[in-house]
Amino acid sequence: MPLDTPPDARPLASVLPGTAGRLDLGTLPRTSGLRLAQLGLRAGAAVTVLARTSGGGRLVAVGTTRIGLDRDTSRQLALLPAAS
Amino acid sequence: MTSLRPAPSRRRLLPARPAPSCHGDSPGTAATTGSPVVALVGAPNAGKSTLFNALTGGSRTVGNWPGTTVEVGRGVWEPTEDCCDGAARDLLDLPGAYSLDASSPDEELTARLFAGTANAPVPDLTVVVADAAHLARSLYLVAQLREADRRVVVALTMVDVAERRGVVVDAGRLTTALGVPVVELDPRRRSGRDALEQAVTAALSAPAAAARTRGELVDDDELAVADERFAWVDGAVSTAATEVPATPTVTDRVDRWVTAPVVGPLLFLLVMWGVFELTTTVATPLQDLLGRLVSGPVTAAGRGLFGLVGLERSWVAGFVLDGLVAGVGTLLTFVPLMAIMFALLALLEDSGYMARAALVTDRVMRRIGLPGKAFLPLVVGFGCNVPAISATRILPDARHRVMTALLVPFTSCSARLTVYVLIASTFFPSTAGTVVFAMYVLSIVLVVVVGLALRRTLWRTVGQEALVLDLPAYQRPTLRLTASVTWLRVRGFLRTAGGIIVVTVMVVWLLQAVPVTGSGSFGAVPPGDSLFAAVAKGIAVLFAPAGFADWHTAGALVVGFVAKEGVLSSWAQTYAAADPTAGLPPDALQAHVHAAFAASSGGAVGAAVFAFLVFLLAYTPCMATVAAQRREIGGRWTAFGIVLQLAVAWVGAVAVFQIVRLFT
Numbered sequence: 190m191p192l193d194t195p196p197d198a199r200p201l202a203s204v205l206p207g208t209a210g211r212l213d214l215g216t217l218p219r220t221s222g223l224r225l226a227q228l229g230l231r232a233g234a235a236v237t238v239l240a241r242t243s244g245g246g247r248l249v250a251v252g253t254t255r256i257g258l259d260r261d262t263s264r265q266l267a268l269l270p271a272a273s
Numbered sequence: 020m021t022s023l024r025p026a027p028s029r030r031r032l033l034p035a036r037p038a039p040s041c042h043g044d045s046p047g048t049a050a051t052t053g054s055p056v057v058a059l060v061g062a063p064n065a066g067k068s069t070l071f072n073a074l075t076g077g078s079r080t081v082g083n084w085p086g087t088t089v090e091v092g093r094g095v096w097e098p099t100e101d102c103c104d105g106a107a108r109d110l111l112d113l114p115g116a117y118s119l120d121a122s123s124p125d126e127e128l129t130a131r132l133f134a135g136t137a138n139a140p141v142p143d144l145t146v147v148v149a150d151a152a153h154l155a156r157s158l159y160l161v162a163q164l165r166e167a168d169r170r171v172v173v174a175l176t177m178v179d180v181a182e183r184r185g186v187v188v189d190a191g192r193l194t195t196a197l198g199v200p201v202v203e204l205d206p207r208r209r210s211g212r213d214a215l216e217q218a219v220t221a222a223l224s225a226p227a228a229a230a231r232t233r234g235e236l237v238d239d240d241e242l243a244v245a246d247e248r249f250a251w252v253d254g255a256v257s258t259a260a261t262e263v264p265a266t267p268t269v270t271d272r273v274d275r276w277v278t279a280p281v282v283g284p285l286l287f288l289l290v291m292w293g294v295f296e297l298t299t300t301v302a303t304p305l306q307d308l309l310g311r312l313v314s315g316p317v318t319a320a321g322r323g324l325f326g327l328v329g330l331e332r333s334w335v336a337g338f339v340l341d342g343l344v345a346g347v348g349t350l351l352t353f354v355p356l357m358a359i360m361f362a363l364l365a366l367l368e369d370s371g372y373m374a375r376a377a378l379v380t381d382r383v384m385r386r387i388g389l390p391g392k393a394f395l396p397l398v399v400g401f402g403c404n405v406p407a408i409s410a411t412r413i414l415p416d417a418r419h420r421v422m423t424a425l426l427v428p429f430t431s432c433s434a435r436l437t438v439y440v441l442i443a444s445t446f447f448p449s450t451a452g453t454v455v456f457a458m459y460v461l462s463i464v465l466v467v468v469v470g471l472a473l474r475r476t477l478w479r480t481v482g483q484e485a486l487v488l489d490l491p492a493y494q495r496p497t498l499r500l501t502a503s504v505t506w507l508r509v510r511g512f513l514r515t516a517g518g519i520i521v522v523t524v525m526v527v528w529l530l531q532a533v534p535v536t537g538s539g540s541f542g543a544v545p546p547g548d549s550l551f552a553a554v555a556k557g558i559a560v561l562f563a564p565a566g567f568a569d570w571h572t573a574g575a576l577v578v579g580f581v582a583k584e585g586v587l588s589s590w591a592q593t594y595a596a597a598d599p600t601a602g603l604p605p606d607a608l609q610a611h612v613h614a615a616f617a618a619s620s621g622g623a624v625g626a627a628v629f630a631f632l633v634f635l636l637a638y639t640p641c642m643a644t645v646a647a648q649r650r651e652i653g654g655r656w657t658a659f660g661i662v663l664q665l666a667v668a669w670v671g672a673v674a675v676f677q678i679v680r681l682f683t
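Protein chains in written order, with our numbering: chain A, 190 to 273; chain B, 20 to 683.
Only chain B is shown next, with the shape it has when bound in the complex (with noise of 0.2 angstroms):
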């Protein structure tokens, strides 16, 4: 466990595909063959992926804090109908960078592309999204990128922001001053778009801007040739930008509050409590609705169907009905409780919360030995654990990058959501809300007593990191962006469902229609004789100590190091192929897991409940996390990284199970 992969040096550039997400992004199309490649670059947050999903239709992250993009996006740009040559365009979406020069690997993609050490053409053009909000240090890149013959387009957003905070720019000094067309766009409202697609049309037909000259300068004096970068962007803000003198905003007021010392972290956890709160309540009735839908009148009409050509006891009736309707459909039930909850993280994203809840969070992170910055991939993972391994490419430091993609699986996703709502809603009905939270709370618990343990053994010496962030001022979140980031996201429960489940389904099927014990034949044998049954009950032993038992409940638990979404399915699956009645409706399928709990606790159900719960928040959370993990940080870190989450979760479950049962 010496090496630490060397992160941006050998990773490829183009095409960068990534592992597959819960709700990633998708890894994109590239034009036709000779098409112009268009990249947008720009610092961090100035709204370069909003203006790539505009200008593409394509649906990449978005969000107003900063780190949201780490990876290279790439999409087609087909020209309005009355605009253009009606040429396409290669555009590629690059993560944020103040500069040219790289702090950390995501900025080092955009760096090397510009240095020619990419495996991929330097662009044809590019597209400087610059905030006017903070015109500055959007046009240090300028300064850089013009010190060479190229084409340069500045494209100026959150002109609405700037003049609400005094400051208005003149987009044709602006031209005037860097030499380069300045358009102004609003890509959150799609305006500007016609305007940006004639200059670039104009750019591209017209020879490179003359690379600007500079003064009389050593080159190896970093400093000194800053200065006059931030000279030469100082008099071009001078010429094109009036600004009043900075008075307390609206957001500043609110700031002293959400970022103060006691106030700031218990406003953080009573947001999350909200969320999960006002998830579970508006939730829970439509999963009613929608399970009984599928056990009732989807079931019956299948049966029906089956019934018609004679197959209604067929091995294929099994299963279609207590494979994929009983598995799948039992997961479907949760779209609206993940649409919910991916709405409202998506709100408190577009609103710039976020941001501020890593700024309170610093000090917890440098217990740890991590900065305050590597929240935000952590954050990142309460939604899906995936993108939040690729999130740490925000990190400058190798070894807090390998420290935080071995806590990201630590933090719970949302697909752990679902089976912590069933058993919540089956065990603690009143207050299933609050033991949605708690679980929340217990992931932070983990992350950190894992980071402290991490710390104390294997990083004894990793150093600090100063935090300095830029904080978006807030906005009101738009109804497009809300509606589109959750969408993405419920679409990618919706493949997980789609795909992986569908698979694991067919083989948990599979392995459950073949007999091991009694007089069964291939798809007509009690569940308790199958193959999957003779193989869950060999791993169930290992789990007595922690009151689970159960050869179901062990054998939800390894379907679910596929994917967690597998846990329901698996459970679904093998309670409706033991019950002659099935399909399952929800309320059955509870009636059995908490029976299963009952036989195997001894008595003690809360405590087996509880201990179930933190076994599987600390466990793997799936394949694709796997993959991620070792895309990032490479097969030995992430080899130990199972390890140590398999033993956090068995030792914690145990621990829990013993401790609990004593007092109950």
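Isolated chain A, as found in the complex (with noise of 0.2 angstroms):
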């Protein structure tokens, strides 16, 4: 994790399914951002993970949209607590 990614935040990758937190971009080019920004992962979104895929990345749920992440990206990006 970068300095500017807070201490709470964990890998997408190493989140169990069925937690929730807020997005955090973690260590993801700010060009890559803004393609998931278009698909509505944005930096502070509610998401859940729902599950884990067969090459080790995500399937997370932002509102009603569903998106498979590769286990690359689902390691770059960051999970922060919900309350936090």
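No lab work stands behind these hints, which were simulated from the structure alone. Don't take every hint at face value.
[What the hints assert, rightly or not] Some chain B residues judged to face chain A by a derived CB distance under 10 angstroms, without partners named:
1) Asp189
2) Gly191
3) Leu242
4) Glu247
5) Arg275
6) Trp276
7) Asp307
8) Leu490
9) Gln494
For every residue, glycine included, the Cβ atom is placed at its ideal position computed from N, Cα and C.
Two chains, two frames, a set of hints: combine them into the complex.
Below, the structure is given as structure tokens:
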């Protein structure tokens, strides 16, 4: 995790299914963040991890949207506790 | 092999006539000159192509997965009788895009059109197809389009899906918030068309809406500009939509298993096995029935007609009965088989399962240096390789596109299925479905092995690309849509049979009519003495190490280079001409094929059959695929691909024959 990532952030790839929280863009490059944002995955968005996928990635819910992420992207993104 | 074709920048936007495809989209037509141009845009999978088909009566490929449309569709939108000014519109169906900031060639088509850099006029009006279930991300495009003076109408789709998920959108409030008309409609069930026509007519007769004003921003700060747009969209959504907190849906519960690490891939294989098992089980009796009809009453009637005019033994009768009836007729007996498989695949596509399959296969794709998204064009290849080659445009990286386009021919298209079924029912009648399924598994293995080889030789430094896949909600497939997609693909198969294959049959017949050895004359030559046989015998030598050095088989494979359906028509022709009782009932054709393999394999029939199937799977699918490759990745890569396919096919076939015969 980089220095500006909150200490209570956990890589999305290590979060168990069923966990909810707020998205942190973690180490993801800013340009990649824009593409995620267009799909609804913006920094601070409320997300729920729904499942671990066969490639080690994560299936997440953002509102009514369901997005599949590969393992590397899931490792770069982070999840903050919902209350923080 | 150093230059990659600069894919998007020089590609013509309109008119785009695609390479001929087994079941591809028609290139479309335009309204009369001067008609207003209306463009359909929107995020992938919002329902643009379904709406386009509903408005134009067109037959664009549709599916419940992102990336179904990669080319611009064009059609004439005729207003209904009791609506509007009666003037037709020129309707464009653009590839899905979340924004006008393109990241792949298919998205670039849309971006260039609105930037005015395409060789086509900027549309007079834009219909943004917005998915009510994912409203915020659907409206980002509206935010961008409204930054200039443009006529924009928002078509709100998936309202029923949104409501089931607890999202209610007030179209009136959204109209006020966005400053453009918003119309609810359901293109899958063809409702809301009149309201859209009226809104479009009103907007076309009014001045373009003034551009929305943005706050003070530095335009080159891309993220700051994007944040302003997101804020504008958030404002509109919060005004017009109410949403209950997300709770796990049926889709979520299903997805937990469908995308799971072990269950997901197994389920994928099970689903595909079910498709082919069901296809072969249900279709076989129908196919036999049609085969007997063609070889019995149809041939007898033809023979009778020629007898009436005294031409029963003429070359004309030979051409019609041994050529067209035997060749094309045999192919037509596969229509039920194709229809059943196309219907099952259409059900899977419409249900939303295919996008999950891409997620499940991501790990394998990465191993060969491709992003999981590359699975989507590859899976299209299992239907037809031609649109699959075009679908590589959804990949942002040029090297990924070239590599995927080189791998697509190894996906087993439906044309090859006809030959598998004939071979499997001839040599493995009790396990035909499983053998056919095994060919599809082998096809996947070939894609992986060749992909690995390419990565370790040509593309050692190819970068990885993130997989961020928007998964559509599962939906109950509609009969109309399934029937429409099935018919579109069956029609493509029939067109191939009626076009390319008829021409191929004529050429084969002509070559068979020319004597090279013996004492025959034109049109009355034993098949083995013909020019066709002479050429095929020369080529057959190459297949001796693979166990199928028979001239009928070699000739059929050469004809199959044009189109794989030609393998069957060629076999049927050459054996029918040799059989004085022609036409050829299905079991007789099978008996001839069986005898040929028995003779050429030195007793190792099974090994030769497997080797033949491997060759058939791996070598160049058809000329249309070659043309599509040339268009997408250029001539040199296409030539490389042909050599690669032939090399893999021959080496694979020889290896299989030499190894398997040791155990039989």
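Hint check results:
With its C-beta approaching chain A no nearer than about 16 angstroms, Asp189/B sits outside the 10 angstroms limit, and its interface hint is violated. For Gly191/B, the suggested interface contact is broken, since its CB lies about 21 angstroms from the closest CB of chain A, more than 10 angstroms. For Leu242/B, the shortest C-beta to C-beta distance to chain A is roughly 6 angstroms, which falls under 10 angstroms, so the interface hint holds. Nearest Cβ of chain A to the Cβ of Glu247/B: about 12 angstroms, over the 10 angstroms cut. The hint is violated.
The interface hint given for Arg275/B is met, as the beta carbon of that residue sits about 5 angstroms from the closest beta carbon of chain A, less than 10 angstroms. For the restraint placing Trp276/B at the interface with chain A, the shortest Cβ-Cβ distance is roughly 8 angstroms, inside the 10 angstroms limit, so the hint holds. Restraint check, Asp307/B versus chain A: the minimum CB separation of about 40 angstroms is more than 10 angstroms; hint violated. Taken as an interface hint, Leu490/B checks out: its beta carbon lies about 4 angstroms from the nearest beta carbon of chain A, inside 10 angstroms.
Among the interface hints, the one on Gln494/B is violated; its C-beta lies about 13 angstroms from the nearest C-beta in chain A, farther than the 10 angstroms criterion.
Against the hints set out earlier in the document, violations occur for numbers 1, 2, 4, 7 and 9.
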